[in-house]
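Spelled out, the chains give:
There are 6 protein chains.
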Amino acid sequence: MTTHPRPAGPSISAAALDLFRKVSTATLTTQMFKRGFRNVYVRRATRLTITATGNLVGPAFTMRYIPAREDLDHLGVFADPEHPQRKGVETVPPGSVLVADCRGEDGVASNGEILTTRLWKRGVAGFVSDGPVRDSHVIAKLPFPVYCAGGAPPLNLVRHHAVDLNIPIGCGGVPVYPGDIIVGDEEGVVVIPLERAEEVAVDAWEQEQLEAFVLERIRNGAALPGTYPPSDSTRAAYEEWRRKQ
Amino acid sequence: MTTHPRPAGPSISAAALDLFRKVSTATLTTQMFKRGFRNVYVRRATRLTITATGNLVGPAFTMRYIPAREDLDHLGVFADPEHPQRKGVETVPPGSVLVADCRGEDGVASNGEILTTRLWKRGVAGFVSDGPVRDSHVIAKLPFPVYCAGGAPPLNLVRHHAVDLNIPIGCGGVPVYPGDIIVGDEEGVVVIPLERAEEVAVDAWEQEQLEAFVLERIRNGAALPGTYPPSDSTRAAYEEWRRKQ
Amino acid sequence: MTTHPRPAGPSISAAALDLFRKVSTATLTTQMFKRGFRNVYVRRATRLTITATGNLVGPAFTMRYIPAREDLDHLGVFADPEHPQRKGVETVPPGSVLVADCRGEDGVASNGEILTTRLWKRGVAGFVSDGPVRDSHVIAKLPFPVYCAGGAPPLNLVRHHAVDLNIPIGCGGVPVYPGDIIVGDEEGVVVIPLERAEEVAVDAWEQEQLEAFVLERIRNGAALPGTYPPSDSTRAAYEEWRRKQ
Amino acid sequence: MTTHPRPAGPSISAAALDLFRKVSTATLTTQMFKRGFRNVYVRRATRLTITATGNLVGPAFTMRYIPAREDLDHLGVFADPEHPQRKGVETVPPGSVLVADCRGEDGVASNGEILTTRLWKRGVAGFVSDGPVRDSHVIAKLPFPVYCAGGAPPLNLVRHHAVDLNIPIGCGGVPVYPGDIIVGDEEGVVVIPLERAEEVAVDAWEQEQLEAFVLERIRNGAALPGTYPPSDSTRAAYEEWRRKQ
Amino acid sequence: MTTHPRPAGPSISAAALDLFRKVSTATLTTQMFKRGFRNVYVRRATRLTITATGNLVGPAFTMRYIPAREDLDHLGVFADPEHPQRKGVETVPPGSVLVADCRGEDGVASNGEILTTRLWKRGVAGFVSDGPVRDSHVIAKLPFPVYCAGGAPPLNLVRHHAVDLNIPIGCGGVPVYPGDIIVGDEEGVVVIPLERAEEVAVDAWEQEQLEAFVLERIRNGAALPGTYPPSDSTRAAYEEWRRKQ
Amino acid sequence: MTTHPRPAGPSISAAALDLFRKVSTATLTTQMFKRGFRNVYVRRATRLTITATGNLVGPAFTMRYIPAREDLDHLGVFADPEHPQRKGVETVPPGSVLVADCRGEDGVASNGEILTTRLWKRGVAGFVSDGPVRDSHVIAKLPFPVYCAGGAPPLNLVRHHAVDLNIPIGCGGVPVYPGDIIVGDEEGVVVIPLERAEEVAVDAWEQEQLEAFVLERIRNGAALPGTYPPSDSTRAAYEEWRRKQ
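Chains as they are written, first to last, in the working numbering: chain A, 1 to 245; chain B, 1 to 245; chain C, 1 to 245; chain D, 1 to 245; chain E, 1 to 245; chain F, 1 to 245.
Be a bit skeptical, because a hint or two may be false.
The list treats identical chains as one, so a pair stands whether inside a single copy or across any two.
Stated by the list, open to error - Derived BS3-like pairs (lysine-lysine); straight-line CA-CA distance at most 27 Å:
id	residue 1	residue 2
1	Lys34	Lys87
2	Lys244	Lys87
3	Lys22	Lys87
4	Lys87	Lys121
5	Lys141	Lys244
6	Lys87	Lys141
Just so you know, these hints were derived from the structure itself, not from any lab.
Can you make the complete structure from the sequences, with help from the hints?
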C-alpha cells in the first residue's frame with residue numbers, strides 16, 4: 001500500500017513537453033478548469049532564481065517531510081547516504097523536478113546551496129518546495145530553477161524529517177503524483193496529471209494562439225464584447241490570421 | 001437599497017487631485033489619523049507594476065466578487081457582455097480606479113493581461129485588488145498602475161463570482177465607497193473619503209513641506225528633540241525657509 | 001524586576017564581531033542547532049535596504065511596543081523627548097542594533113524615514129523589526145541596514161504604544177536580550193545569545209571554510225556521499241587544501 | 001446591476017422543506033458533491049443555541065456588512081429606521097433565515113439580544129452569521145436557532161457597516177443567493193441553491209434511509225466490504241427491509 | 001523607563017466595582033465606544049471555569065512572557081522563588097486579577113492546577129491569559145474564574161519565559177496597564193482604563209436599565225422603530241417605569 | 001523506501017500501558033520535556049466524545065491523506081475494499097489507535113458515523129485526527145474516544161485523498177510513527193515515541209504522586225516556595241506520606 005506505482009500506461013511525448021515550455025501557467029489553469037480541475041496551482045512556491053529563464057518543465061519526483069523528532073533529527077543523520085533527503089538529491093532522474101512536501105512550514109529551509117548545486121550538476125530540471133530554502137541569495141543566481149517560499153536560514157532538521165521518496169504528496173495544497181508534469185513560469189507552478197498532460201499541452205498552445213490575436217486587437221483599441229471571448233466573426237478573422245502565419 | 005448613490009454634494013478639485021499626486025500614502029495616513037480615521041490602508045495590495053511611476057490617483061469605481069458556485073461560474077459566462085467583470089472593465093470611467101473586493105482570497109486571480117490592457121487602453125487610471133492577478137509578470141511591465149496581492153495563475157472563476165459594480169465594498173479591510181479618492185504610491189494604497197479629500201490633500205502637502213525641512217536638518221546631524229516634532233524656534237526657521245522658496 | 005541587567009560577565013571580542021561579518025545566517029543556525037538552540041531566526045524581518053551590503057552585526061538594544069490606546073496614543077505624544085520611541089532612537093549606542101518588538105502586527109509602521117535617517121546619522125548599526133516600516137521605498141535606498149516586514153504607510157500610533165527600552169523582548173518569535181549579537185545577511189536575521197557568541201563566531205567561520213571546499217568539489221561533479229558530509233578522506237583533503245591557503 | 005432578482009422560476013415545496021428538517025447537513029454535502037458542488041458548508045458558523053432543537057430550515061434573506069468607517073458608523077445611526085441592520089431585522093419575512101456576511105471578522109458582534117429577540121418574535125426561522133454575536137450566553141437560551149462564530153462583546157459598529165439587504169453575499173466562504181435554502185443541524189449550516197433544492201431534499205432522504213439500514217448492520221458487526229457501500233445483495237436486503245417499513 | 005508607575009491620582013470606588021459586577025461586557029464595549037475606545041475586548045480568552053458564576057472584577061496585575069530560550073528555560077528555574085511566574089502568583093494582591101501576556105501562543109500552557117489553586121487560596125480575583133492553561137478540565141471545576149485560550153498540556157517552558165511583573169502589556173490584542181479594571185462575564189473579558197472606570201461603571205448600569213425596559217417591550221411584540229433606540233415617548237415611558245421601580 | 005518498518009526491538013509492557021491510563025497528558029509533556037522533547041502535543045485534536053471516560057491509550061496505526069484530485073476522488077472509489085480509508089478502518093488492530101494526517105484541513109471530515117461505529121465494533125482503541133469529523137453530534141455520544149478538530153459536514157472526498165496506511169506521518173504538527181504510544185485525556189492528545197514509552201510511563205506516575213502531595217499542601221494554604229518545587233524537607237515529608245499509603 002505504501003508503494004504507489006502509476007499504471008504503466010500514461011506517458012508524455014517530447015512534443016508535448018516542448019509545448020509546455022511555451023505556454024503560461026495561467027493558460028494551463030484555464031485548460032484544467034475546462035476539464036473540471038480547480039486545484040492545480042502550488043501555493044507558496046514563487047520563483048526564486050533570477051538567472052534561469054524560460055519555463056521549468058519535467059516529471060515530478062517527490063520527497064516528503066514530516067515534523068522533526070528531537071532524538072532522530074540531529075546532524076549525524078546525514079552521514080547515512082540512505083538518508084532520504086540526500087538519497088533524493090542523488091536519485092532524482094536528470095530531467096525530472098524534485099518536489100518537496102514541507103507542510104507549508106515557513107520557518108526552516110528544505111534545501112541549501114550545496115544540495116541545489118548537486119541537483120543542477122546532475123542535470124535535474126528544477127526544485128519545487130512549499131517551504132523556503134537557505135542560502136537563498138546564492139541559489140537565486142544559479143542557472144537552475146527553484147520555486148519555494150522565499151528564504152529562511154534554519155536547516156531542515158529544526159522542523160523537518162525527510163521520510164520517503166517518490167510517493168504521492170501534497171505540495172502547496174495540490175496533489176502531486178510521481179510522474180505528474182510540473183510546469184513553472186515567472187508566476188508560479190502548476191501540476192498537470194500525467195494522464196491529461198498530452199491533450200492539455202496541445203489545447204493550451206491553441207488557446208495562446210487565439211489570445212495573442214485577441215490581445216493584438218485589444219491593444220489596437222477593440223472593446224471586449226465580440227473580441228474576448230471572440231464572436232464568430234472575430235474567430236473567423238483569427239482563423240484567417242492564423243492561416244497566414 | 002442596493003443602489004448607494006452618494007449625496008450629490010461632495011466633489012474634488014483638479015488642484016487637490018494634483019496634490020495627491022505629490023504626497024506619500026504615509027503622510028496621508030497621518031492626516032487621516034488626525035481626523036480620527038485609523039483604517040485607510042488597503043492590506044495585501046502592493047504595487048505590481050514597475051514601469052508605472054508616480055502616484056496612482058483617481059476616484060474609486062468598485063467591483064464585488066462573492067465565492068464562485070460551480071454551476072454558475074463556468075467559462076461560458078463571459079459570452080454575456082453584461083457579465084459584471086467584463087462590464088466593469090468597459091464602463092469604469094477614464095480617470096477612475098477600478099477597485100475589486102476579492103475577500104482577501106489569495107489563490108486566484110482577479111484580473112489578467114487582456115482585461116488589464118483594455119483598462120489601460122480605455123484611459124482608466126489604475127487597478128486595485130486585495131487578491132492576486134494572473135499574467136503578473138507581463139502586467140508588471142505595462143504602463144498602467146496595478147496594486148494587488150502579487151501573482152497567481154488560476155482564473156477568477158475557480159473561486160470568484162463577479163456580482164455587482166460600483167456599490168460600497170471592503171478592499172483589504174478598508175471601506176471603499178464609489179467616488180472615494182484612491183491614492184497609491186510605491187508603498188501601497190490608501191482610501192480617502194470623498195467628503196474629506198479636498199482638505200486632506202492640502203494639509204498633506206503642507207505636512208510634507210515641513211517634513212522636508214525637518215529631514216534636511218536631521219540629515220545635517222540635528223537631534224530629534226526640538227526638530228521632530230519641531231519646537232517653536234524650528235517652526236519659525238521653517239517658516240523663514242518656506243518663505244524663501 | 002523590570003530591569004533586566006545582564007550579568008557583567010559576558011562580552012564579545014572585536015575579532016568575533018568581525019567573523020560574524022563574514023559568515024551567513026544559515027551557517028549560524030547550524031552552529032546554534034549543534035548547541036541545542038532551535039529558535040534563533042527572526043520571522044517576518046527581511047532585508048529592506050538594497051544599497052547596504054555586507055552583514056549587519058551588533059549588540060541588540062531593544063524597544064517594546066504594546067497595543068495602542070486611543071486616549072494615550074495621539075500625535076501630541078511625540079512632543080515629549082522622553083517618549084520611548086524617540087528616546088530609543090536618540091539613546092541606542094552607536095554600533096548597536098535597534099530591535100523592535102511589534103508583536104508581528106503587519107498593518108502599521110514601526111519606523112519611518114526621519115527616524116531612520118537619525119539612526120543612520122547617529123552611527124547606529126541597523127534596525128530590525130517584526131513589523132513593517134513606512135517610507136519604505138526611501139529607506140530602501142539609505143546606506144543603513146533595515147530588516148522588517150516590508151512597508152506599510154500607517155504611523156505606529158494607529159496600533160502601537162512604545163512602552164519601554166532595552167528589556168528582554170520577543171521579535172519575530174525569538175527571544176532577544178539586550179546585548180545579544182544580532183547578525184543579518186541577505187536572507188534574514190538571527191539572534192546569538194551573548195554568552196555563546198564568541199565560540200559560535202569561531203566555529204561558524206570554520207564551518208564555512210569546510211563548506212567552501214565541499215562546494216568546490218560538488219561544483220566539479222562530486223556526488224554527495226563521502227563529500228557532504230565529508231568522509232575521512234575528504235576531510236583529510238580539506239585539511240591539506242586548507243593548509244595551502 | 002445592484003438588484004439581483006432571481007428568475008421567477010424556481011421555488012420549493014412544503015414537502016421538500018419538511019424533508020430538509022429530517023436530514024443531516026452531512027448527508028446534504030454528499031448529495032451536493034454528487035452534483036458537482038464542493039463548497040456548500042458555511043465555515044465558522046456553529047450552533048450557539050442549546051434550547052432550539054431540530055434543523056433550521058428556510059430561505060435565505062441576506063444582510064451585508066463592509067468595514068466600518070469612523071465618521072459614518074457611530075451610535076446615532078440606529079435612530080434611522082432605514083438603517084440596513086435594523087431594517088433587515090424588521091423586513092426579513094417570517095419563516096426566512098437572516099444570513100449575515102461578516103467577512104469572517106471574529107472580534108465584533110453581528111447581532112445581540114434585543115435584535116435576536118425581535119427576530120424570534122417576528123417569526124423568523126433563524127439567524128446565520130460568519131461572525132460572533134454579543135449577549136451570546138443569553139441568546140444561547142432563546143428558543144430561536146442562531147449559528148455564528150461564538151460570542152464577542154463588541155458592538156458591530158466597531159468594525160462593521162451594514163450596507164445592504166437581500167443581495168448575493170458570501171458567508172463563511174459559501175455563496176448565498178437570496179432564496180437559497182439554508183439548512184442547519186447540530187453540526188453546522190449548508191446552503192442549497194434553490195434551483196436544486198427540491199431534488200436534493202428527496203435524494204438526501206433516500207440516502208438516509210439506506211444509511212440507517214447500513215448502520216444497523218455495522219452495529220451488528222458487519223464489515224465494511226459489501227455493506228458500505230452496499231453490494232447488490234445488501235441493497236436487495238435493504239429494499240426488502242424498506243418495503244416492510 | 002522600565003517601571004511604569006501609574007500616576008497616583010486615579011482610583012476606583014467600591015460602588016463602581018459593584019456595578020461592574022452587574023453589567024455585561026457587551027454593555028461595557030458600548031460605553032467605551034461612546035468614549036472613542038474601540039479596542040477593549042481581549043481576544044482568545046474565553047471563560048474556562050464552569051462553577052464560578054457572576055462577573056470577574058478587579059484591578060489588573062500583569063505578567064509578561066517572551067519566547068523561551070533553550071538554555072535558560074529548563075525545569076530547574078522554578079527552584080528560584082524569584083522566578084517571575086512563581087513570584088507573580090505569590091505577590092499578586094488579593095482581589096486583583098493576574099493577567100498574562102502569552103503573545104497569543106496557542107500550543108503551551110500559561111498556568112496549571114497547582115498555581116491556579118494557589119491563586120485561589122490567596123484570594124486573588126481571577127486569572128486571564130491569551131494562551132491556554134494545562135489541567136484545564138480540573139481548573140474548569142475550581143471556584144475561581146479563569147479566562148484563557150482553552151487547554152493545552154505542554155508546560156510553559158516549552159515556549160515561554162516569564163520575564164517581568166506588573167508592567168504594561170498586551171493581552172489578546174488589548175493594552176493592559178497595571179490597575180486597569182478587568183471585567184469578565186460569560187462572554188469574555190474587557191479592559192477598562194482605570195482613569196475612566198468610575199464613570200463607565202455608572203453609565204453602563206444606566207444603559208442596562210434602559211435596555212431591560214426596551215427588551216421587555218420587544219418581548220411583548222414591539223417593533224424596533226421607536227423602541228430601540230427609544231423615541232422620546234418610549235424614553236418617557238421608561239422614565240415612568242424606572243420611577244416605579 | 002516507502003515501508004518504514006520499526007526496528008524489532010522496542011515494545012511496551014501492559015503495566016506501562018496501564019500507567020498511561022492514569023496520568024495526564026500535562027504530566028507526560030513535562031516528562032518528555034525533561035528528555036529534550038518539546039513537540040509531543042497534537043494540535044487541533046480535542047476530545048469530541050462525551051460519554052467515553054478515562055484516557056485513550058494505544059499504539060498508533062496511521063492513515064495519510066493528501067489533497068483530493070477531482071478525477072480520482074469521486075464517490076465510486078469506496079466500492080473498492082482496498083481503498084485506504086476503508087481498508088484502514090478494517091485493518092487497524094484492535095487496541096490500536098487510528099491516527100489520521102489531515103494536513104490541518106478544517107473544512108472537511110476525516111471520518112463519520114458509520115466508519116466510527118465500525119472502528120468501535122472492531123475493538124479499536126480510538127480515533128485521532130487533526131481535521132474534523134462529520135456526524136459529530138452522534139459520534140460524540142458513542143462509547144468510543146474520538147479526538148478531532150470538531151465537526152464539519154462535508155465528506156472527505158471534497159478535499160482529501162486517502163493514500164496510504166501505517167507509515168510515519170505528521171498529525172497536528174507532531175511526528176507519529178506507527179507503534180508510538182498515543183495518550184489522550186480530557187485536555188488533548190500526546191504522542192510518546194515507543195522507544196521511550198516504558199520509562200516515561202513510570203516517571204510520569206511518580207511525578208503525579210508527588211504532585212498530589214504538593215497539591216494537598218497548596219490546598220491547605222502552603223505557599224509555593226519550598227512546596228512547589230519541593231524543598232528537601234517537603235520531599236522528605238512526601239516520602240514519609242508516600243510510605244504510609
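Against the structure, the hints come out as follows:
1. Lys34 with Lys87: between (38 Å within a copy, 23 Å between copies)
2. Lys244 with Lys87: neither (52 Å within a copy, 33 Å between copies)
3. Lys22 with Lys87: neither (32 Å within a copy, 31 Å between copies)
4. Lys87 with Lys121: Within. Shortest intra-copy distance 15 Å satisfies the 27 Å Cα cut-off; inter-copy 43 Å does not.
5. Lys141 with Lys244: neither (41 Å within a copy, 29 Å between copies)
6. Lys87 with Lys141: within (25 Å within a copy, 42 Å between copies)
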